[in-house]
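Please build the complete structure, drawing on both the sequences and the hints.
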Amino acid sequence: MTALVPFNFDIGSAASPSIKMPGVKTAEKRTALIEVQDVSKVFGDRSAEALTMLDAGEDRAAILARTGTAVGLNHVSFDVAEGEILVVMGLSGSGKSTMLRCLNRLIEPSSGTIRVRGADVTAMAPAALRDFRRHSFGMVFQHFALFPHRTILGNVEFGLEVQGMAKPARRDSAMRAIELVGLKGWDARYPSELSGGMKQRAGLARALAADAAVLLMDEAFSALDPLIRRDMQQELVELQRRLQKTIVFVSHDLDEAIALGGRIVLMKDGAIVQVGTAEAILAHPATPYVARFVEHIDVASVLKVGALLAAVPIVLRSQEDPAEAANRMEAAGCGNTLVVDAAGRLLGRTDIAALRRVPNGQGLERAVRSCARVAATASVKQALPVVAAEAEAVAVVDEDGRLLGTIDRVGIINALARRSANPEAAS
Amino acid sequence: MNWSVPRIPLDTWCDAALDWLTEALSGVTRAISHSVSDWIAELTTLLQAVPPPMIILAFGLLAWRVSGWRLSIGSMLGFAFLWNLRLWDPMVTTLVMVVLSTAASIAIGLPLGIVAALNARTWRVVAPCMDMAQTMPSFVYLIPAIPFFGLGPVSACFATVIFAMPPTIRLTALGILQVPGELTEAADAFGTTRWQKLVKVQLPLALPTIMAGINQTIMLSLSMVVIAAMIGAGGLGREVWSAIQRLEAGRGFQAGVAIAVLAIILDRITQQVSRRAQPR
Ligand SMILES: Nc1ncnc2c1ncn2[C@@H]1O[C@H](COP(=O)(O)OP(=O)(O)OP(=O)(O)O)[C@@H](O)[C@H]1O
Ligand SMILES: [Mg+2]
Chain A
1 MTALVPFNFD IGSAASPSIK MPGVKTAEKR TALIEVQDVS KVFGDRSAEA
51 LTMLDAGEDR AAILARTGTA VGLNHVSFDV AEGEILVVMG LSGSGKSTML
101 RCLNRLIEPS SGTIRVRGAD VTAMAPAALR DFRRHSFGMV FQHFALFPHR
151 TILGNVEFGL EVQGMAKPAR RDSAMRAIEL VGLKGWDARY PSELSGGMKQ
201 RAGLARALAA DAAVLLMDEA FSALDPLIRR DMQQELVELQ RRLQKTIVFV
251 SHDLDEAIAL GGRIVLMKDG AIVQVGTAEA ILAHPATPYV ARFVEHIDVA
301 SVLKVGALLA AVPIVLRSQE DPAEAANRME AAGCGNTLVV DAAGRLLGRT
351 DIAALRRVPN GQGLERAVRS CARVAATASV KQALPVVAAE AEAVAVVDED
401 GRLLGTIDRV GIINALARRS ANPEAAS
Chain B
428 MNWSVPRIPL DTWCDAALDW LTEALSGVTR AISHSVSDWI AELTTLLQAV
478 PPPMIILAFG LLAWRVSGWR LSIGSMLGFA FLWNLRLWDP MVTTLVMVVL
528 STAASIAIGL PLGIVAALNA RTWRVVAPCM DMAQTMPSFV YLIPAIPFFG
578 LGPVSACFAT VIFAMPPTIR LTALGILQVP GELTEAADAF GTTRWQKLVK
628 VQLPLALPTI MAGINQTIML SLSMVVIAAM IGAGGLGREV WSAIQRLEAG
678 RGFQAGVAIA VLAIILDRIT QQVSRRAQPR
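As you go down the protein sequences, you meet chains A and B in turn.
Numbering follows the working numbering, in which position 178 of the first sequence is assigned residue number 178; successive positions increment by one, without gaps.
If you want the working numbering, it's the position in the second sequence, counting the first as 1, plus 427.
Hint data in this document are derived by calculation from the structure and do not stem from the laboratory.
Misleading hints may appear alongside valid ones.
What the hints assert, rightly or not - A short list of chain A residues far from chain B (calculated; beta carbon distances all over 12 Å):
| no. | residue |
| --- | --- |
| 1 | F43 |
| 2 | A56 |
| 3 | F78 |
| 4 | H143 |
| 5 | P148 |
| 6 | A210 |
| 7 | D218 |
| 8 | Q319 |
| 9 | E399 |
| 10 | D400 |
Claimed, not checked - Label pairs and their calculated CB-CB ranges:
| no. | chain 1 | residue 1 | chain 2 | residue 2 | range |
| --- | --- | --- | --- | --- | --- |
| 11 | A | R176 | B | R551 | 46 to 52 Å |
| 12 | B | R548 | A | K184 | 47 to 53 Å |
| 13 | B | E609 | A | A128 | 22 to 28 Å |
| 14 | B | E609 | A | D131 | 19 to 25 Å |
| 15 | A | A378 | B | E609 | 34 to 40 Å |
| 16 | B | L474 | A | G164 | 39 to 45 Å |
| 17 | B | A507 | A | K167 | 44 to 50 Å |
| 18 | B | R551 | A | R242 | 51 to 57 Å |
Note that this is a predicted model, so its numbers are computed, not measured.
All C-beta atoms in this analysis are idealised placements derived from N, C-alpha and C, irrespective of residue type, glycine included.
Below is the structure:
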């Protein structure tokens, strides 16, 4: 008896749930928009000496003791792909803000190169750099940094005004950005009249107004209370999807990194310790530091349903003969199963008794009833209530509603138990 | 005691420097001084010719614009009081002096303060000069002022500006340095030129502080009127000065009160301007 697999790709066996999910693009495949190569930063007067010590592999404390210079970045290299959200994480003082500010040279890197769309930012003359900042970067700050003497409109149009855009045109663009972040009607107010969440919306609008390809966000939501913060994270993800911005987001909060859903760059003492998705970092922490960093993380919110798929023994197609289908199921010893249409999209569930009741000459659809389903991209945490409410394994579908497999309680419990007991043991 | 270290001839040096400067410059400065003092005299006469009620009303309107009816009525009463004391003409002379000195202080002090804020080296030069200008007895400026500008209102203005300008410089620099780093960083991040950053961010945010500096400059100019009268500035200062010389206590007191009233009116009005400059 062969399991009917009406899909255009492989479903892995339950034992190896490593599945290529369609629709979940891997960032690495896209072209790099920002390339950071071997960038170091030392703060202080004796930077040349400090740099040689750094190259010789001496550690931060030794360099500070000998030269009195603080090491902000230690040979950092990474790429940011076009249209991705990259989250730079690390404990306080790990060099996240320094890294971010090196990208638009608010902080001058001591060595290394940074390229944006192939252009070497580190070699730019002041005028070229200004032009680049105006057109390629939008920045959002932790404490909003709105200009208190300007209205919200005045703040949002600031970048365009600096570019020298004529007043009517920049008003239009600014108003559109204000609308985009949901601040319509607040344009004539002053920043002091807005709540924290609204201020940061204004900050976001200001960064969006110039329509720059890259958004640099330094702990942009850290000053907001948790509820507003979660809303803003969701809205940012939504905006990013719509506008296809490339976002470099600094955060010290792993939950935030997970909510934003992109790759994570983990920093410690000015150096990068690991780069990867939240799932990958959770599954394979590169160092004990990373393991400690992620140990408090709620695995269920990181783990995607798509990673826990079990294959379905028998899948029925809607154009099959009901009686034959019932026979097949009986032979395989399964009382009920899932039904898909010709394109592999999930229609619902049926059982032998229902199939037998279908009058002769009628299609199998008559026996199909609707059933619960979860998206492959949903986290286990989101899927839990659905799985808990269902007696049978729950169908997992992709973005187009095609059946990928199922997920059940046992699978979830096993996965959670394995990962929280020892993250390194998990695959 | 036997001092073997020779005395530093500071006085001789100063004399030599002053002589040299006088030799080199006084021709020009005196010529300028002449035309400027003529101009000041004309302006003063012109304003004195305006009927006092019109000027009183103008100040009332100004006060009403920047603050409200309270300040408006207060300043009109104050000016009416000065008029009643028959001190109107000296008051106008003093007012012209104060306004001109303040204008000169702003014209020089504001750019200097801006440069000092943006450039640490300039600050290191300007700061001790200001300390000296403010702590040196102000009579001392009168001595070199006379060979350059002669007796009269220009010398008085010169001494007044040196004494009254430091707060404008200091508070302009302070105001700019006090702009939160996050805001200048934001300006940089959006690609501002130095000038754009100054005009669009730093100066507007420093404005209340700068206005406080200008307010102090006005007050210090007023405090110089009596000293300025010693070199022929005229106005309320001369009233006080001649009363002192003739031991007329009543007249001296009356002129002193007049200066105080003028000071209070100018102070309140400029303070309100400063407060209105506060970003919300
Ligand atoms: N202007 C500066 N002068 C000297 N040292 C600096 C300067 N800016 C940053 N540093 C040092 O560089 C290191 C990294 O700082 P950075 O601000 O990038 O950390 P961070 O990861 O952003 O921390 P946080 O989460 O607290 O914002 C710190 O050790 C800090 O002391
Ligand atoms: Mg930081």
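For each hint, the structure was consulted:
1. Every CB of chain B is more than 12 Å from the CB of F43 of chain A (nearest about 15 Å), matching its label as outside the interface.
2. Non-interface call for A56 of chain A relative to chain B: holds, since the shortest CB-CB distance, roughly 33 Å, exceeds 12 Å.
3. Every C-beta of chain B lies more than 12 Å from that of F78 of chain A, the closest at about 21 Å, which supports listing it as non-interface.
4. Not every C-beta of chain B lies more than 12 Å from that of H143 of chain A, the closest at about 6 Å, which undercuts listing it as non-interface.
5. The claim that P148 of chain A lies off the interface is violated: its Cβ sits roughly 4 Å from the closest Cβ of chain B, which falls inside the 12 Å cut-off.
6. Not every Cβ of chain B is farther than 12 Å from the Cβ of A210 of chain A; the closest lies at roughly 8 Å, contradicting the non-interface assignment.
7. For D218 of chain A, the non-interface assignment is contradicted: its Cβ lies about 10 Å from the closest Cβ of chain B, within the 12 Å cut-off.
8. Its beta-carbon lying about 60 Å from the closest one in chain B, Q319 of chain A satisfies the requirement of being farther than 12 Å from that chain.
9. Under the 12 Å C-beta cut-off, the non-interface status given to E399 of chain A relative to chain B holds; the minimum distance is some 36 Å.
10. No beta-carbon of chain B is positioned within 12 Å of the beta-carbon of D400 of chain A; the least distance is around 41 Å.
11. At about 48 Å, the beta-carbon gap between R176 of chain A and R551 of chain B stays in the expected band of 46 to 52 Å.
12. About 49 Å separates the C-beta atoms of R548 of chain B and K184 of chain A, a value consistent with the hinted range of 47 to 53 Å.
13. A beta carbon spacing of about 25 Å between E609 of chain B and A128 of chain A agrees with the range 22 to 28 Å that was offered as a hint.
14. A C-beta distance of roughly 23 Å is found between E609 of chain B and D131 of chain A, which places it inside the suggested range of 19 to 25 Å.
15. Here the CB-CB span from A378 of chain A to E609 of chain B is close to 38 Å, well matched to the stated 34 to 40 Å.
16. In this structure the hint that L474 of chain B and G164 of chain A lie 39 to 45 Å apart at CB holds, the actual value being about 44 Å.
17. Taken as a hint, the range 44 to 50 Å holds for the pair A507 of chain B and K167 of chain A, whose Cβ atoms sit roughly 46 Å apart.
18. About 53 Å separates the C-beta atoms of R551 of chain B and R242 of chain A, a value consistent with the hinted range of 51 to 57 Å.
Hint compliance for this structure: hints 4, 5, 6, 7 are broken, all remaining hints hold.
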